[in-house]
Amino acid sequence: MSKNIIKGKVFVVGDNIDTDQIIPAQYLNLVPTNPEEYRKLGSYALCGLPDSYKTRFVKDGEFRTEYPIIIGANNFGCGSSREHAPVSLGAAGTKAVIANSFARIFFRNCIATGEVYPVETAADNLCKELKTGDEVEIQLDKNELKVVKTGKIHKLKDIGDVREVVESGGIFKYARKKGMIK
Amino acid sequence: MTITEKILAKASGRDFCNPGDNIWVSADILMTHDVCGPGTIGVFRREFGEDAKVWDREKVVIIPDHYIFTSDKMCHRNVDTLRKFAKSQGIKYFYDPGTSTYSGVCHVTLPEKGHCRPGEVLFGTDSHTCTHGALGEFATGIGNTDAGFVMGTGKLLIKAPASMKFEIEGELPKGVTAKDIILRIIGDIGVDGATYCAMEFSGSTIESLNVEERMTICNMAIEAGGKNGIIAPDAKTIAYVKSRTKKPFECFYSDKDAKYLSVKKYDATRFVPVVAMPFSPDNVRTASEMKDFRIDRVYIGSCTGGKIEDFKMAASVLDGRKVKVTTFIVPSTVEVEKALSSEKIGGKSLVKIFEEAGCEKPAPPSCAACLGGPVDTYGRSNNDEICVSTTNRNFPGRMGSKGSQTILASAMTAAASAIKGHIADPRNV
Chain A
392 MSKNIIKGKV
402 FVVGDNIDTD
412 QIIPAQYLNL
422 VPTNPEEYRK
432 LGSYALCGLP
442 DSYKTRFVKD
452 GEFRTEYPII
462 IGANNFGCGS
472 SREHAPVSLG
482 AAGTKAVIAN
492 SFARIFFRNC
502 IATGEVYPVE
512 TAADNLCKEL
522 KTGDEVEIQL
532 DKNELKVVKT
542 GKIHKLKDIG
552 DVREVVESGG
562 IFKYARKKGM
572 IK
Chain B
-7 MTITEKILAK
3 ASGRDFCNPG
13 DNIWVSADIL
23 MTHDVCGPGT
33 IGVFRREFGE
43 DAKVWDREKV
53 VIIPDHYIFT
63 SDKMCHRNVD
73 TLRKFAKSQG
83 IKYFYDPGTS
93 TYSGVCHVTL
103 PEKGHCRPGE
113 VLFGTDSHTC
123 THGALGEFAT
133 GIGNTDAGFV
143 MGTGKLLIKA
153 PASMKFEIEG
163 ELPKGVTAKD
173 IILRIIGDIG
183 VDGATYCAME
193 FSGSTIESLN
203 VEERMTICNM
213 AIEAGGKNGI
223 IAPDAKTIAY
233 VKSRTKKPFE
243 CFYSDKDAKY
253 LSVKKYDATR
263 FVPVVAMPFS
273 PDNVRTASEM
283 KDFRIDRVYI
293 GSCTGGKIED
303 FKMAASVLDG
313 RKVKVTTFIV
323 PSTVEVEKAL
333 SSEKIGGKSL
343 VKIFEEAGCE
353 KPAPPSCAAC
363 LGGPVDTYGR
373 SNNDEICVST
383 TNRNFPGRMG
393 SKGSQTILAS
403 AMTAAASAIK
413 GHIADPRNV
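Going line by line, the protein sequences match chains A and B.
Count along the first sequence from 1, add 391, and you get the number used in the working numbering.
With the working numbering, letter number 360 in the second sequence gets 352, and the count goes up by one each step, no holes.
Watch out, some of these pointers could steer you wrong.
[Claimed, not checked] Derived CB-CB ranges, DEER-like:
| no. | chain 1 | residue 1 | chain 2 | residue 2 | range |
| --- | --- | --- | --- | --- | --- |
| 1 | A | Asn425 | B | Ser334 | 37 to 45 Å |
| 2 | A | Lys519 | B | Lys238 | 53 to 61 Å |
| 3 | A | Glu520 | B | Glu242 | 47 to 55 Å |
| 4 | B | Pro165 | A | Asp532 | 52 to 60 Å |
| 5 | A | Lys398 | B | Lys257 | 15 to 23 Å |
| 6 | B | Asp226 | A | Gly524 | 51 to 59 Å |
| 7 | B | Lys65 | A | Lys546 | 33 to 41 Å |
| 8 | A | Arg430 | B | Lys316 | 26 to 34 Å |
| 9 | A | Lys519 | B | Lys256 | 24 to 32 Å |
| 10 | B | Phe61 | A | Gly405 | 31 to 39 Å |
| 11 | A | Asn425 | B | Phe61 | 20 to 28 Å |
| 12 | B | Ser92 | A | Lys522 | 42 to 50 Å |
| 13 | B | Ala44 | A | Gly542 | 49 to 57 Å |
Please keep in mind that the hints were generated in silico from the structure rather than gathered at the bench.
Backbone N, C-alpha and C fix where the C-beta goes; we use that ideal spot for every residue, glycine too.
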């Protein structure tokens, strides 16, 4: 996948998906900088969602998701500052979270770790129009999300500097690339 | 400038700070605990080198508190990681479980041990770090990677927040507490009503509160999405801080012509006890209107509702009464645990009042079930229990199982609900 294009199936969630739903507290004994535990965190990504979500983000017994793109609504990632949240999503293979709005610590952690692109939609209806399993193609250069089946284009907000930081692999790699630190 | 802007201006070495400015601030304190500490140390070592030294061994405060009294081996390993790191770095302030230095919940420990001072900048790897704005400083939660950066450099690049003012005037009615104030505000503005903003609390009601009650308010700024919560320091703040530390500090105050994103005014005389019903901290109703809602248990603890003042208030309701449901008493720190025995109402210690009311024996201090945690955590919801809790969040599965429900309330409302076996207004028990 080129750095400009992100494509695949979407997983659609509602408002206020908090960090306990993204990665329940009982799994916080896993340390994200430990490679084996990083992998395990991926297997638990979004397992805290209530049973009303019929489709699991990561199937039982697996470590990776079929859905590289999450479509959220308002205030995605609210709650705790636990970095395990964006880490579990990234470890599971999530490439981007597209939401109406993000909670600030989660947003910042996505960028600092470089795990996922946190992108805001330009209009709030994406979570209502898409269903889990729909195929989309995101073009970051154009700030566009295209629904493959219908060809409909949805505008996304420009993520600005965030893009290069996530692309570089997080804040430390970005700062080194720019010569800001050794 | 507002108080937040003044603190950040000083911390970044500037004369002025505007909302939206991206600034490098120097940290006065970096706090981490057993859940995020190992990951933070992992980032620090990976980026600065296996033998790197923290920027200041007296400013990195390590407080294990989340998963302490569990049989889970990985949790023990994580505390041990902190132990080894504290030793190799010569960390001055490490509150080691199983020793006489152990304290408990980080956000009660920090002010207790004198690490919170007006005018300073405090970062913590925990969202409820905003608690310490009650001591007139800028305090906010950050993730492991940002904390790893601070650990190595003592600095962080942050965006200065705009400030929202909450002016609360008038005498709080009996039975109404700081928890009711903050729940009311969150109910009004929503869980993203203050996203990215500084929530500045002022007015005669705020001034009438003691420091612990002010901590309860600032503690929940994050539940409205706030970057930080803050209350201007006054004589009470200064007396509290000076009783805990000899370090000098500087008090800042908002200018009369400071600019705010919004100003909300409240008449506290009209406040009533409230609860946040499942499954959101902004799902706020009055305790009175929810009075027929049956509950299975009550949990009194956490940085939000497990301080000495919270237990005094709970005991004032439970004195001479009996509980109808399992009632957990979880002091947040060792100091609070001791106060359960030394504090008295009518000559009777709090622990005696709780015992005679039929509450569970007080648990050892930690975060315990506030966030569920390992399955053997004390007070955890493991089935479909409905729990009235003095904690801070009630999203699905917060205290453990997906089938459980958490209702947020003040220590007084929680105690009243324990007596009735359903949600109860403490003024009516």
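Structure-based check of each hint:
no.	hint	result
1	Asn425/A x Ser334/B: 37 to 45 Å	holds (43 Å)
2	Lys519/A x Lys238/B: 53 to 61 Å	holds (58 Å)
3	Glu520/A x Glu242/B: 47 to 55 Å	holds (53 Å)
4	Pro165/B x Asp532/A: 52 to 60 Å	holds (59 Å)
5	Lys398/A x Lys257/B: 15 to 23 Å	violated (50 Å)
6	Asp226/B x Gly524/A: 51 to 59 Å	holds (57 Å)
7	Lys65/B x Lys546/A: 33 to 41 Å	violated (50 Å)
8	Arg430/A x Lys316/B: 26 to 34 Å	violated (47 Å)
9	Lys519/A x Lys256/B: 24 to 32 Å	holds (31 Å)
10	Phe61/B x Gly405/A: 31 to 39 Å	holds (35 Å)
11	Asn425/A x Phe61/B: 20 to 28 Å	holds (23 Å)
12	Ser92/B x Lys522/A: 42 to 50 Å	violated (58 Å)
13	Ala44/B x Gly542/A: 49 to 57 Å	holds (52 Å)
Of the numbered hints given earlier, the model fails hints 5, 7, 8, 12; all others are met.
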